[in-house]
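J.: If you want the building blocks of each chain, they are given just below.
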Amino acid sequence: MTDTPRPDRAQTIRPKYIGKKVERFEDPRLLTGRGRYSADIKADRMVHLAFVRSDQAHARIVSVDTSDAAEAPGVIAVYTAADLPELPELSAPSAMKDYHATVCPALARDTVRHVGEAVAVVVAQDRYLAEDAAALVMVDLEPLGATADPVAALKPDAVPLHDNVPGNKVLERSFATGDAPGEIAKAAHTVSGRFRMRRKSPLAMETRSYVAQYDTGRDQLVLHTSSNIPGIVRDELARLLHLPGNRFQVVSPDVGGSFGGKGSVYPEEIIVVMLARELERPVKFVSDRLEDLTSTSQAFDEIIEATLAFDEDGIFIALDAEVIGDIGAYSIVPWTAALEPVQVVSFLPGPYRTPHYRGRVRGVCTPKPPTGPYRGVGRPMAVFAMERLVDLAAAKLGVEPDEIRRRNLVRPEEFPFRIGSGIRWDRSGFLECLENAVAAVDVASFRKRQTEARENGKWLGLGFGTYAELTGIGSRIAVAPGMPINTGTETAAVRVDSTGAVTATFATASHGQSLETTLAQIVAEELGVRPQDVTIKQGDTSLTPHGTGTYASRSAVIGGGAAIVSTRALLKKVQAAAGVLFDVEPDTVETGDGEIFVPGTNHHITFGDLARAVYSDMKALPLEARKPLEAQEAFDPWLGTTTAATHVAEVEIDAETLEIRITRFLVAEDCGRMINPLVVDGQVHGGVVQGIGAAILEELHYDETGQLLSATLADYLIPTAAEVPTLEVNHIETELPDNPGGFRGMGEGGTIGAPAAIANAISDAVAHLGIGVEELPMTPNKLFRLIAERQEKE
Amino acid sequence: MTKIDITLTVNGEEMTGRAEPRMLASDFLREVLGLTGTHVGCEQGVCGACTIRLNGATARSCLLFAGQLEGADVTTVEGLGSPRKMHRIQEAFRRHHALQCGFCTPGFLMTVAEILETEELRTDGDIRDALSGNLCRCTGYEHIVRAVRELVNERDGVTA
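Those protein sequence lines, which keep their order, are chains A and B.
Reminder that position 552 of the first sequence reads as 552 in UniProt numbering, one-by-one numbering, no gaps.
Reminder that position 4 of the second sequence reads as 4 in UniProt numbering, one-by-one numbering, no gaps.
These aren't lab readings, by the way, just hints derived from the structure by calculation.
All values derive from a computational prediction rather than experimental measurement.
Beta carbons: idealized from backbone N, C-alpha and C, even for Gly.
Among the hints, erroneous ones may be present.
Claimed, not checked - Chain A regions said to be covered by chain B (calculated; three or more residues, Cβ under 8 angstroms):
{"id": "1", "segment": "37-45"}
{"id": "2", "segment": "222-235"}
{"id": "3", "segment": "256-269"}
{"id": "4", "segment": "444-454"}
{"id": "5", "segment": "605-616"}
{"id": "6", "segment": "624-635"}
As the list claims (entries may be wrong) - Here chain A is said to cover these stretches of chain B; the calculated rule only asks that three of the stretch's residues, wherever they fall, bring their Cβ under 8 angstroms from a Cβ of chain A:
{"id": "7", "segment": "4-15"}
{"id": "8", "segment": "34-43"}
{"id": "9", "segment": "46-60"}
{"id": "10", "segment": "64-72"}
{"id": "11", "segment": "108-115"}
{"id": "12", "segment": "149-156"}
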């Protein structure tokens, strides 16, 4: 034994895992077909559901004849609302003034209010037989008329959709700071526009899928659901079906994406659970793509009429906006109809200094599927409208788009900064992201290329999309005003078991976010073990007393925060036990790479050694030092963190065919400290491409009667690899936010910045024709019409 | 409807399953043979999640009837590699973080297995075109293209 003290291991060998490109622990199973999605679940005596859905937008149910279906081969039962007297209703009450909560029975009772609403359900031995029988159910509907257009639905002659929603207006909210109308009236310059983004589908590749299993003997119900909010589903269904949480478990196994579409409580989830209990058999429902496009919550359709006033130097003075949000037939549970449209007016002023602001939003019911959460909530539309106004202002003064942004963005010394709607921005790289993006694209040389290309029949355009968003929202702020639950906290439980292995349990639910890897990196670094030695458990309500799930760019900030505070509490217990074992002060005990040691001494054991001392070897430690190596702490970021980015798109439009190609896309973003750069890049890429879809491809076309005209993937187009350019992502880390990990949420930014950047790029490309983009998606057809209308005027 | 016996070779193993002839091949693989790695995303032949290799060529299993698999040689994602012994394509996907939720991934892997054999894939544009029959909503395709680029370079003996 030498007397040379060991080097200070904490300084020399303790590896850092946060910030490393750790390969994902989810991947081996997902790459080899060994994942387990809800549709993969099989059980003995399992029965299958097929729903009979309305083919009309708004109609009275005269009769539903299920007699032929009931006689069909393999059919076990057929139910309508009339057969289920205790059928629950979905409703999202709100404390918001003048809010009218809609009521949606799990199966339509007297009235259908959108194409795709479930009217009856067939239970059969397999899905084929269930669908055969569903085709035999005769539904007699008497049309009640439909006002599908959101503007028309607010007019006095519109067909009312709900008795308790006067004039179809489900909500109204206004924000005002200063005197925007007065300032606009006397301003040197103003620009205005009427902006609209059309209805879209979140379109996860996995359709909604549910399996409910009832263990009659133990009176235990388990729902496997493709949901990203298992905790909310558990709480809501427990309430509606009078089930205690200890007899009702909701599990989100592997989930194939959500993008918001699986982030609400659905009627089909209620039905499978009810029927599993009723029939005492496992019940499965897997929606097909048509059902997904007509019954999964859809993404906003909003109209913003806005005016921006500014002075001779392009300094913004006032912003005024009127917003109409089409919420569909029912307000979404639990978020309420306020979720999306109110966030539009909250975020509209964006990252700019605009002293005077007035924004009013009205939410309107139309006979279409409910709109719900969609990646970016509120901000894609707000940023699209604001960034168009910013470019219009730049054009009016003849300055470059980057210059007008530079003059108006909140500057580093001005944080925290409160915008006109009351949102508080904390320090984030507003200007830093802009400058990084500007340096990367070189605006001057682009202008040269643009001029040359125009001579060759190619219209090039460059567009910026600069934004800020709130992520990881804590309990101080409701994600929708007045909503019935608050989602601002998460809890983590971290433990070292008797083998020395580490398990960390969360109420998050990964549907592609890589949380099994990133949360393991956090726990590993804080505890001093290797990431591959940490098992993350989540997405199962039996593991945690409470928790909501993964959405709204919250899991890195709130889940990660909970991981840190819990692991630190556990580390204290590890140090305390090791301190007794080594007979040293606990503070001198350090950990790293699975080892526990005191620097400069020969005290050096593994986590397995400590676990044996604590749990199995009763002689090594006195009773009072043998406390379970386990800690559970909650984390609430109170407010939230501010994330900022600038997106830049370059487009090329063929003057002949008007084909729009995106030729370059760059993101400069500040998401704080990165946990895993591979995962951050992946989230940015995915969001941007979804934003590209919203900008140039994706639209759920509804006709004036409320019929969906794009109900297959051959009609509803999302980007393929061929429509997407190479994506460049630059990370900027300014001052870290005030939370335990220094993390900012970043899962949604792609869909927020990309539509605006592309709209500005297309507008730049066609500026010489005297037209600009006010509606997304912008397609060759719509561009053709804009050009034709302009030519008619001349 | 009467069920028939369907005998085929799947991932090198001869199997017989009993199904109605109208059953989709995708459902036959998943429900009857228990190979749930093949995913169903649209049943319209658009999304590509259900892509398998049928007698060596990629095919949309949602556009085939189970009866058409009689005597066929089928490879599904389960035939590429296992978690402990992944196929080189699977390793490249992991290294480049070319999957997030993993739902579309089996279809991409089967497509990539084919195009590496049949396509030149000189440029990233070629790779993008060759992948354009498979939809992914998570990754934005960037990391998938990078994974395939690495595989093409390896195939061609090019050092990137």
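J.: Let me make sure I understand: some of the numbered hints might not hold for this structure. Which ones are they, in numerical order?
T.: 2, 4, 5, 6, 7, 10, 11 and 12
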